[in-house]
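Asks: Here is how the chains run, residue by residue.
Number of protein chains: 2
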Amino acid sequence: MYEMHFGVPMSGAVLNTINTRLDARTVAVLLQHSGSKLVFVDQTTLQLIRDAFRLLPSEHPAPHVIVVEDPHDAPPNAETLTLTTYERLLETGDPDFEWVRPVSEWDPIVLNYTSGTTSSPKGVVQCHRATYLIALDWLVEWTVPPRPTYLWTLSMFHGNGWCFPWGMAVVGGANVCLTRVTAATVYAAIARHGVTHLCGAPVVLNMLAHASDAARKALPPGMKKVQVLTGGAPPPAAVLQRVEKLGFEVSHGYGLTETAALVVSCSWKPEWDELPESERARLKARQGVRIPSLAEVDVVDAETRRSVPRDGVTTGEIVLRGGSVMLGYLHDEEATRAAIRDDGWFYTGDVGVMHPDGYLEIRDRSKDVIISAGENISSVEVESVLYGHPAVNEAAVVARPDELRGEAPCAFLSLKDGAAGTVTASDIIAWCRERMPRYMAPRTVVFRAELPKTSTGKIQKYVLRNIANEMGPTRRGTPTTTNGSGSSKM
Amino acid sequence: MYEMHFGVPMSGAVLNTINTRLDARTVAVLLQHSGSKLVFVDQTTLQLIRDAFRLLPSEHPAPHVIVVEDPHDAPPNAETLTLTTYERLLETGDPDFEWVRPVSEWDPIVLNYTSGTTSSPKGVVQCHRATYLIALDWLVEWTVPPRPTYLWTLSMFHGNGWCFPWGMAVVGGANVCLTRVTAATVYAAIARHGVTHLCGAPVVLNMLAHASDAARKALPPGMKKVQVLTGGAPPPAAVLQRVEKLGFEVSHGYGLTETAALVVSCSWKPEWDELPESERARLKARQGVRIPSLAEVDVVDAETRRSVPRDGVTTGEIVLRGGSVMLGYLHDEEATRAAIRDDGWFYTGDVGVMHPDGYLEIRDRSKDVIISAGENISSVEVESVLYGHPAVNEAAVVARPDELRGEAPCAFLSLKDGAAGTVTASDIIAWCRERMPRYMAPRTVVFRAELPKTSTGKIQKYVLRNIANEMGPTRRGTPTTTNGSGSSKM
Numbered sequence: 001m002y003e004m005h006f007g008v009p010m011s012g013a014v015l016n017t018i019n020t021r022l023d024a025r026t027v028a029v030l031l032q033h034s035g036s037k038l039v040f041v042d043q044t045t046l047q048l049i050r051d052a053f054r055l056l057p058s059e060h061p062a063p064h065v066i067v068v069e070d071p072h073d074a075p076p077n078a079e080t081l082t083l084t085t086y087e088r089l090l091e092t093g094d095p096d097f098e099w100v101r102p103v104s105e106w107d108p109i110v111l112n113y114t115s116g117t118t119s120s121p122k123g124v125v126q127c128h129r130a131t132y133l134i135a136l137d138w139l140v141e142w143t144v145p146p147r148p149t150y151l152w153t154l155s156m157f158h159g160n161g162w163c164f165p166w167g168m169a170v171v172g173g174a175n176v177c178l179t180r181v182t183a184a185t186v187y188a189a190i191a192r193h194g195v196t197h198l199c200g201a202p203v204v205l206n207m208l209a210h211a212s213d214a215a216r217k218a219l220p221p222g223m224k225k226v227q228v229l230t231g232g233a234p235p236p237a238a239v240l241q242r243v244e245k246l247g248f249e250v251s252h253g254y255g256l257t258e259t260a261a262l263v264v265s266c267s268w269k270p271e272w273d274e275l276p277e278s279e280r281a282r283l284k285a286r287q288g289v290r291i292p293s294l295a296e297v298d299v300v301d302a303e304t305r306r307s308v309p310r311d312g313v314t315t316g317e318i319v320l321r322g323g324s325v326m327l328g329y330l331h332d333e334e335a336t337r338a339a340i341r342d343d344g345w346f347y348t349g350d351v352g353v354m355h356p357d358g359y360l361e362i363r364d365r366s367k368d369v370i371i372s373a374g375e376n377i378s379s380v381e382v383e384s385v386l387y388g389h390p391a392v393n394e395a396a397v398v399a400r401p402d403e404l405r406g407e408a409p410c411a412f413l414s415l416k417d418g419a420a421g422t423v424t425a426s427d428i429i430a431w432c433r434e435r436m437p438r439y440m441a442p443r444t445v446v447f448r449a450e451l452p453k454t455s456t457g458k459i460q461k462y463v464l465r466n467i468a469n470e471m472g473p474t475r476r477g478t479p480t481t482t483n484g485s486g487s488s489k490m
Numbered sequence: 001m002y003e004m005h006f007g008v009p010m011s012g013a014v015l016n017t018i019n020t021r022l023d024a025r026t027v028a029v030l031l032q033h034s035g036s037k038l039v040f041v042d043q044t045t046l047q048l049i050r051d052a053f054r055l056l057p058s059e060h061p062a063p064h065v066i067v068v069e070d071p072h073d074a075p076p077n078a079e080t081l082t083l084t085t086y087e088r089l090l091e092t093g094d095p096d097f098e099w100v101r102p103v104s105e106w107d108p109i110v111l112n113y114t115s116g117t118t119s120s121p122k123g124v125v126q127c128h129r130a131t132y133l134i135a136l137d138w139l140v141e142w143t144v145p146p147r148p149t150y151l152w153t154l155s156m157f158h159g160n161g162w163c164f165p166w167g168m169a170v171v172g173g174a175n176v177c178l179t180r181v182t183a184a185t186v187y188a189a190i191a192r193h194g195v196t197h198l199c200g201a202p203v204v205l206n207m208l209a210h211a212s213d214a215a216r217k218a219l220p221p222g223m224k225k226v227q228v229l230t231g232g233a234p235p236p237a238a239v240l241q242r243v244e245k246l247g248f249e250v251s252h253g254y255g256l257t258e259t260a261a262l263v264v265s266c267s268w269k270p271e272w273d274e275l276p277e278s279e280r281a282r283l284k285a286r287q288g289v290r291i292p293s294l295a296e297v298d299v300v301d302a303e304t305r306r307s308v309p310r311d312g313v314t315t316g317e318i319v320l321r322g323g324s325v326m327l328g329y330l331h332d333e334e335a336t337r338a339a340i341r342d343d344g345w346f347y348t349g350d351v352g353v354m355h356p357d358g359y360l361e362i363r364d365r366s367k368d369v370i371i372s373a374g375e376n377i378s379s380v381e382v383e384s385v386l387y388g389h390p391a392v393n394e395a396a397v398v399a400r401p402d403e404l405r406g407e408a409p410c411a412f413l414s415l416k417d418g419a420a421g422t423v424t425a426s427d428i429i430a431w432c433r434e435r436m437p438r439y440m441a442p443r444t445v446v447f448r449a450e451l452p453k454t455s456t457g458k459i460q461k462y463v464l465r466n467i468a469n470e471m472g473p474t475r476r477g478t479p480t481t482t483n484g485s486g487s488s489k490m
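Read top to bottom, the protein sequences are chains A and B. Residues 1 to 490 (the UniProt record's numbering) are what the first sequence spells out, left to right. Residues 1 to 490 (the UniProt record's numbering) are what the second sequence spells out, left to right.
So that you can see chain A by itself, here it is in the shape it has in the complex:
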């Protein structure tokens, strides 16, 4: 996958990385939509591609397949032997081949499908220029020194790993890749290779924070701080505090597939070092300020499109413009026009506030806002408090219909190992009421062994919303509490 980020564009083609955790049906939809001509696939994912090919309509020719053999895998089976392998393809290559330079720097380099897209896939097209700018920007923003050792916990199929395949090449980095990302493999890789940098969604931070002592004991005692860049959701304060104590220095940013990578960075001020731990965590959970190649970030009123006051309270839609905003969605002019409007701004669909010091803070994806008795409740804010509870492993808050209020917050929780049975729904609600306005506290708490996740590790809120809807409305009076079966998997 790393080599593909160079070889594919250098051959004049466009790279479309596909999430290997998708099902065959979705893969078939994406292959059709993208019109891919050639598929590189490793042995472990070959069956998925075969299944996807079978689902392609007869008029759609299946792409050519090149199998990438992993020397650590079992020897190739009879079937693979009949296919072209990556290594055999390379052997037929011309060492004097002159790489195909883009005619314009605005030519496409990658196509990235956003998640949750089986019905109408949204294919984000990015150009050479955008990925160049953002790759450089993050080297500056993160002060990446020459020859870092970078651990891939973030997948390269996830927004091209936030453009770090290219960034690591600029600084001559070593790339450490894992077949499986678990606390044990991550800690072992850090210890073995002297990892200096890694990126990951907060779910990875959470994994690092709650690793067993056995997994963690691999770390050398005098280990240098590992730089961690996180994004995709605000890191819960409690998780931040924990991983920083374990030897990780966390940077935090915000971006979307449509912006090629994170484009807002919670740039840290030295004077904040002196603040109490909880205050530092609160500041670090803010998304931050624009990075150089983003011309502007703003929060606007959805109706008037005018900037909301910079008061840290008034919510609005987060809008962006600058060097790494996508060219558009492939084969979807309507969606492109809805996203990049006639005023030249990209409308993210995310809800945020602008603080007086110019730092952006995300409040919610628009659809995740809970509107209860006329009040907007940010599910992220409620989750942040829930993560502070000592027994909580993961938390997700969605709207549940409410007889009186229209909607009310409903919390889905998984507990830490050994914490099951030690805490009740009422405890959780009481915990929240002590820490936030009463109307914001969940009226329903559901315990689960695990929360449902997308293939990229994001909690599937739409699944939880469906469950909450099926529960029916909460009634007047005392809150409803539900203890879900500990064994229910979703």
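Hints listed in this document are in silico derivations from the structure and should not be mistaken for laboratory results. There could be a bad hint or two in this list.
[What the hints assert, rightly or not] Some chain B residues near chain A, calculated using beta-carbon distances under 10 Å:
| # | residue |
| --- | --- |
| 1 | Leu136 |
| 2 | Glu141 |
| 3 | Pro145 |
| 4 | Pro146 |
| 5 | Gly172 |
| 6 | Trp268 |
| 7 | Lys269 |
| 8 | Pro292 |
| 9 | Ala295 |
[Said to hold, decoys possible] The following residues of chain B were derived to be distant from chain A, with all beta-carbon distances above 10 Å:
| # | residue |
| --- | --- |
| 10 | Asn19 |
| 11 | Gln32 |
| 12 | Phe53 |
| 13 | Asp137 |
| 14 | Leu139 |
| 15 | Thr179 |
| 16 | Lys245 |
| 17 | Pro270 |
| 18 | Asp273 |
| 19 | Pro276 |
| 20 | Arg280 |
| 21 | Leu283 |
| 22 | Glu303 |
| 23 | Asp357 |
| 24 | Arg465 |
| 25 | Arg475 |
[Claimed, not checked] Per the computed footprint, the stretches of chain A lying under chain B, defined by three or more beta-carbons under 8 Å from a beta-carbon of chain B, are:
| # | region |
| --- | --- |
| 26 | 311-319 |
| 27 | 436-448 |
Built from N, CA and C at the ideal position, the CB exists for glycine as well.
Using the hints provided, position chain B relative to the given structure of chain A.
Replies: This is chain B only, laid out in the frame that chain A set:
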């Protein structure tokens, strides 16, 4: 000057910084050529501008003048009071003024005259895009952390201080400026402000290396290494060794006014740390490899325009192309076409070799090559050996006519304090012959109290070439040695 780098482009104008050490005649030529409408000048340089204005032809309207008052200067005199001052201008400003964004990123942002240009000034025009790219690149290449403290020993009028005015703003740097750059003021500023980074030509390194103990004693004992970026000429190995011992970490690059800043960097490999000191200095004196925004660097045969072998020996002209090559010379299409040729490459006029590991090493400016008995002699190589001599302060080697060989190397030297009289021309020639092929060793050695310099601190080789020519040809037989009067100033 720092504020001008932002205010001028943000008002929609183009910034042309003028070297304050130029004479009135040259300043008048530049003002005419550029068609400047407005001149910002500080009180100490006001007389220079007045003199220049008097030399403008009557049909050329003198630009409007804004005086920048320095609070440390004497109180403004009666004359200044009648002029608009910068502070008074700012008071009339509109706080709601919306800054003028360039229509295209290819719009010009700066005009920089290359040195030695009174007869036909060469005005290099750079665009927003180029300066943006190079400013970002050097933050990456030099691993500049957030909030550095940057000392201005390099003038901002010298190629816009290699674009660091903008770069420092990106990382929130503090800018420390000096009225006079001397060893004492530089060491004092480092100690007082905790300087982390500075740029300077090798002449600055030399100044730091040979500072008196009194000047150096300001440095705190546990001072963190100061990062120094040098370019403009290869740093002599002996000077490099000395300043690194004094607490400076030197990075080295190569560029021209036409490329906005340094575009080739002697990217350091950790394995080189283990080499002997002299070998490390030799490697660090090489110019290096391209930085990200430079698409390509090559050394080509002047006739065939084809790449020379990467053998570290075959010389050719250094050619460049990429993101920060100038738009062209102002009002001079012919010079522009001669520099940026129909093949899309910028021809630097500098002579270099390409090493097998892809590192560029400059051998000479084309006109500085000495051709002796059919052999090309790099004056830089000879100077490098001369700098290694313990008594030598500064060295410059030029061609002197030679009866037998056509040309022969002639060395001009200034000696370190107290070294006058301790070394003879024969000693110097013997020193060189021990360390290089005989044909390369100087046949003439001239001692001077000081070597002639341009206003930007470069040694004026053309002055020395004239002197060497006037000496007449060296004759067959033993080398000619000349001990110049220690008091002659040039």
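Asks: Could you run down the list of hints and mark each one as holding or not?
Replies: For each hint, the structure was consulted:
1. With a least beta-carbon distance of about 5 Å to chain A, the hint placing leucine 136 (chain B) at the interface is held under the 10 Å criterion.
2. About 9 Å separates the beta-carbon of glutamate 141 (chain B) from the nearest beta-carbon of chain A, less than 10 Å, and the hint is met.
3. Because the beta carbon of proline 145 (chain B) sits about 5 Å from the nearest beta carbon in chain A, less than 10 Å, this interface hint is met.
4. A distance limit of 10 Å between C-beta atoms decides the matter here; for proline 146 (chain B) the minimum to chain A is near 7 Å, and the interface restraint holds.
5. The restraint placing glycine 172 (chain B) at the interface with chain A holds, with a minimum CB-CB distance near 8 Å, inside the 10 Å limit.
6. Restraint check, tryptophan 268 (chain B) versus chain A: the minimum CB separation of about 7 Å is within 10 Å; hint holds.
7. Contact between lysine 269 (chain B) and chain A, as hinted, is supported at the beta carbon level, the nearest pair being about 8 Å apart and thus within 10 Å.
8. Taking 10 Å as the C-beta contact cut-off toward chain A, the hint placing proline 292 (chain B) at the interface holds, the least distance being around 5 Å.
9. Given the 10 Å rule on beta carbons, the hint for alanine 295 (chain B) holds: about 8 Å separates it from the nearest Cβ of chain A.
10. Every Cβ of chain A is farther than 10 Å from the Cβ of asparagine 19 (chain B); the closest lies at roughly 29 Å, confirming the non-interface assignment.
11. Under the 10 Å C-beta cut-off, the non-interface status given to glutamine 32 (chain B) relative to chain A holds; the minimum distance is some 37 Å.
12. The Cβ of phenylalanine 53 (chain B) lies farther than 10 Å from every Cβ of chain A, with a closest approach of about 39 Å, so its non-interface assignment holds.
13. The beta carbon of aspartate 137 (chain B) sits about 7 Å from the closest Cβ of chain A, which is not more than 10 Å, so the claim that it is off the interface is violated.
14. Consistency note on leucine 139 (chain B): stated as away from chain A, yet its beta-carbon is not over 10 Å from all of that chain's, at 5 Å minimum.
15. The Cβ of threonine 179 (chain B) lies farther than 10 Å from every Cβ of chain A, with a closest approach of about 29 Å, so its non-interface assignment holds.
16. Consistency note on lysine 245 (chain B): stated as away from chain A, and its beta-carbon is indeed over 10 Å from all of that chain's, at 23 Å minimum.
17. Not every CB of chain A is more than 10 Å from the CB of proline 270 (chain B) (nearest about 7 Å), against its label as outside the interface.
18. Every CB of chain A lies more than 10 Å from the CB of aspartate 273 (chain B), the least distance being 12 Å, so the non-interface label holds.
19. With a minimum CB-CB distance of about 22 Å to chain A, proline 276 (chain B) clears the 10 Å threshold, and the non-interface call stands.
20. Non-interface status of arginine 280 (chain B) relative to chain A is upheld: no Cβ of that chain comes within 10 Å, the nearest being about 16 Å off.
21. Look at leucine 283 (chain B): its CB is around 15 Å from the nearest CB on chain A, clear of 10 Å, so calling it non-interface holds up.
22. Separation of glutamate 303 (chain B) from chain A is adequate, the least Cβ-Cβ distance of about 23 Å exceeding the 10 Å criterion.
23. Once the 10 Å rule is applied to beta carbons, aspartate 357 (chain B) is consistent with being away from chain A; the minimum gap is 13 Å.
24. Distance to chain A confirms arginine 465 (chain B) as a non-interface residue, since its nearest Cβ pair spans about 40 Å, more than 10 Å.
25. Listed as outside the interface, arginine 475 (chain B) is consistent with that label: its C-beta sits roughly 53 Å from the nearest C-beta of chain A, beyond the 10 Å cut-off.
26. With 0 residues carrying a beta carbon less than 8 Å from a beta carbon of chain B, the region 311-319 of chain A misses the three-residue requirement, and the given coverage is violated.
27. Chain B is given as covering the region 436-448 of chain A, and this is violated because 0 residues of the stretch bring a CB closer than 8 Å to a CB of that chain, at least three being needed.
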